[in-house]
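Trainee: Please construct the entire structure, taking both the sequences and the accompanying hints into account.
Protein chains: 2
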Amino acid sequence: MSEKPMTVPGIAKRARRAARTLGTLPTAVKNAAILAAATAIEERVDAILDANEGDLAEARPLLAAGSLAPALFERLPLDRRKVAAMAAGLRAVASLEDPAGRVLSRTLLDDGLVLTRRSVPLGVVAVVFESRPDAVPQISALAAKSGNAAILKGGREAVRSARVLVDILDSAFRSQGLPEGGLTLLTGRDEVDALLACEKDVDLVIPRGGNALVRYVQEHTRIPVLGHAEGICHVYVDRAADPAKAVAIAVDSKLQYPAACNAAEAILVHRQAAHVLVPRLVAALSAAGCEVRGCDETRALAEVGAATHSDFDTEFSAPVVAMKVVADLDEAIDHVNEHSSRHTDAIVTEDSAAAERFLREVDSAGVFHNASTRFADGFRYGLGAEVGISTNKLHARGPVGLEGLVTYRWELRGAGQIVATYSGKDPRHFRHLKL
Amino acid sequence: MSEKPMTVPGIAKRARRAARTLGTLPTAVKNAAILAAATAIEERVDAILDANEGDLAEARPLLAAGSLAPALFERLPLDRRKVAAMAAGLRAVASLEDPAGRVLSRTLLDDGLVLTRRSVPLGVVAVVFESRPDAVPQISALAAKSGNAAILKGGREAVRSARVLVDILDSAFRSQGLPEGGLTLLTGRDEVDALLACEKDVDLVIPRGGNALVRYVQEHTRIPVLGHAEGICHVYVDRAADPAKAVAIAVDSKLQYPAACNAAEAILVHRQAAHVLVPRLVAALSAAGCEVRGCDETRALAEVGAATHSDFDTEFSAPVVAMKVVADLDEAIDHVNEHSSRHTDAIVTEDSAAAERFLREVDSAGVFHNASTRFADGFRYGLGAEVGISTNKLHARGPVGLEGLVTYRWELRGAGQIVATYSGKDPRHFRHLKL
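Heads up: the protein sequence lines correspond to chains A and B, in order.
Residues 1 to 435 in the working numbering are what the first sequence lists, from first letter to last.
Residues 1 to 435 in the working numbering are what the second sequence lists, from first letter to last.
Just so you know, the hints here were simulated from the structure itself, not pulled from any lab data.
Don't take each hint at face value.
Since the list gives no way to pick one copy over another, a pair counts as held whenever it fits inside one copy or between any two copies.
With a cut-off of at most 30 angstroms between alpha-carbon atoms, the simulated DSSO-like pairs for lysine-lysine come out as follows [stated by the list, open to error]:
1) Lys434 / Lys245
2) Lys245 / Lys13
3) Lys200 / Lys245
4) Lys245 / Lys425
5) Lys82 / Lys245
6) Lys200 / Lys13
7) Lys82 / Lys425
8) Lys425 / Lys13
9) Lys434 / Lys13
Mentor: Here you go:
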């Protein structure tokens, strides 16, 4: 059959139909599909690298002309090692537990009337990503593993790489019985808005890319969005902090990978320890190449530039950090709750009561005691794979593994029971026995 | 201190601060507060009934003049029995398990580095309700039990009843140590929109009322909404249905309480059984006072009016039902997935393979076999209390108990660990040991 162009709503409807089939496939079939895709990607490494070279050839002059951001360009190149890592990543997803089809609870409502709460795929997941082609096999495999259909919308700079990867993945998936339309790539420029409008046929949108992309998606759709626009994380150094731990955690949180969302953007220091800790923290950060911008009290203790008010609401994504002296733990918690993006915030202290208060009262997805904010990550948390990091409070929060791609259904199996029997005078009573 | 009028954003910020305290209270304190409120409501029954009489006195002429809907008026009156039921309801909430503070998982990431996923209150919950004053103590108690602050916005027709109830509840709560601002009532007409705009300080909105209210809330806020605008539920009578069960389930689903969201709005009948089942279903429904509107095939088998296309997308909330003959199970599942509001849909059949397909492939919160759709309810499900019924797929789905008012946090407790140790060359490896 010849392929005729489909509209985005048509693609979404087809994905919805495919999802109905995907949701009923046994785990073994889904795993076989993912393993077949891993082999196919290895076998077709040359085609993948050719396509990627095409993208790079088009991107280089744009980079030189300043019309493509260096950060986007950096994520684009593939090589044999990266393609091998894609295949290994697929095999890792195949080895994870299937998040769908699990019995979450069973209740005997009455004799012969059993209620089962069962995890099921969300249905159709849309992923909007920027240049990184590595996102394609990873998210495709996670969607297939959890029984979801996926619609991918890649950036134009990676269009050839994404196209060849989706073609390889989709034909491997279909060779193992996965349905047509279960994995689709959109490449048109104007298709993002059309996709974000498909609220009846798309159950979740996952934006993978910079803050601007995430914010655009959040503001232009009524489909639930899994992600975070900002990562403004804090390290609070308490008066009872061990100075060596404070320095190590501050440096790691800020500098181990400054562009990451879980990197710290602000360091708060308890006033009673500031005279010792501020000079040490500033010295260590500066020696590691970090610019420190301080409040007045910080600047009285170390030679640093002045922090503006807005510096405490900024994700620098660079070796720059804001530093503030606070009166006490209360002010630290207040400051964090006011300025944090609710991603991850840490306290450094040897006072366990202070630590427990911070962990209880800071309203963020991750609350850490004596550990770097950089640990906030699905792989480090042992989730096996990361669908994204959410700063929403509903559904999944913080680093989200495969469980972010499932919901649940209430299945009730009876023998003809009706509610009238359980109401009116002389009603029958429910048993509500947990099974 | 004199009470000076606060703005809605000011009330939301105060609730956010109160939530920080509420989130740290032990279960025993929260239970004592709820029990104190139960006693206070019993003691102040006369004041409650006086206030309610004031509302009724204002509402009666509006009802007579046709400017207050009869359905809203009907929900307004209180009496001693209803006030006693409020107190009993509060005591029942006190006896439920605390949904917050539970350890959901623990993982040893490495020696001395332990990750704990713990359930925590959402924070601030807003409830927008229509005339029913019973909603006030119920939702206030559920919020307090789960450690959330609550902002209630009642309808103007119930303003006196809601005011006296909130005053009694809040002072009982505060007598047991709950914070100021943890429970607030808004009564101004224009305050709904202001509340729906407080997206930084309100974590969840629960609309309790008719479809128009729910839809208004859904369309005017970026705060997550727990609820459902419509309940278009189906009963599919399969060719292998037991006719007696089919009739009983159809009549109960439609007529046991036609205004409920879990009442059936459409009945689908397999063509191979239609000649037997359509006449029996129509006879039973008609005899029970229900108007049946049928498709052409239905009308060839029974004397009923014609269903329009839009009848299959209508929540009648009345003793009216649409009936359609379908070719087979596939058409039934397709029809349900296209027209259902994803609330609850049922199949009647003695063919367990057909039943299991329906339960797997229908994408609704509740999928029932040989049981009335009217069972879709938090109390009937044994959840102890119902926060609402959600047709969203994310967070909580279907009837939602107290777990709908909590989220979770990732607590990481270390001894100074940094990520640099686990990367670069010769990295340390994570242990990822489930505890």
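Trainee: All the hints need checking, so say for each whether the structure fits it.
Mentor: Status of the hints after comparison with the structure:
1. Lys434 / Lys245: Classified as between; 26 angstroms across copies, 47 angstroms inside a copy.
2. Lys245 / Lys13: The answer is neither: 54 angstroms in one copy and 35 angstroms across copies each exceed 30 angstroms.
3. Lys200 / Lys245: So Lys200 and Lys245 fail the 30 angstroms test inside a copy (50 angstroms) and across (33 angstroms) alike.
4. Lys245 / Lys425: This pair counts as between: shortest inter-copy Cα distance 22 angstroms, intra-copy 69 angstroms.
5. Lys82 / Lys245: neither (35 angstroms within a copy, 60 angstroms between copies)
6. Lys200 / Lys13: Answer is within: at 9 angstroms inside a copy they meet the 30 angstroms cutoff, but 34 angstroms across does not.
7. Lys82 / Lys425: between (70 angstroms within a copy, 18 angstroms between copies)
8. Lys425 / Lys13: neither (48 angstroms within a copy, 48 angstroms between copies)
9. Lys434 / Lys13: neither (39 angstroms within a copy, 40 angstroms between copies)
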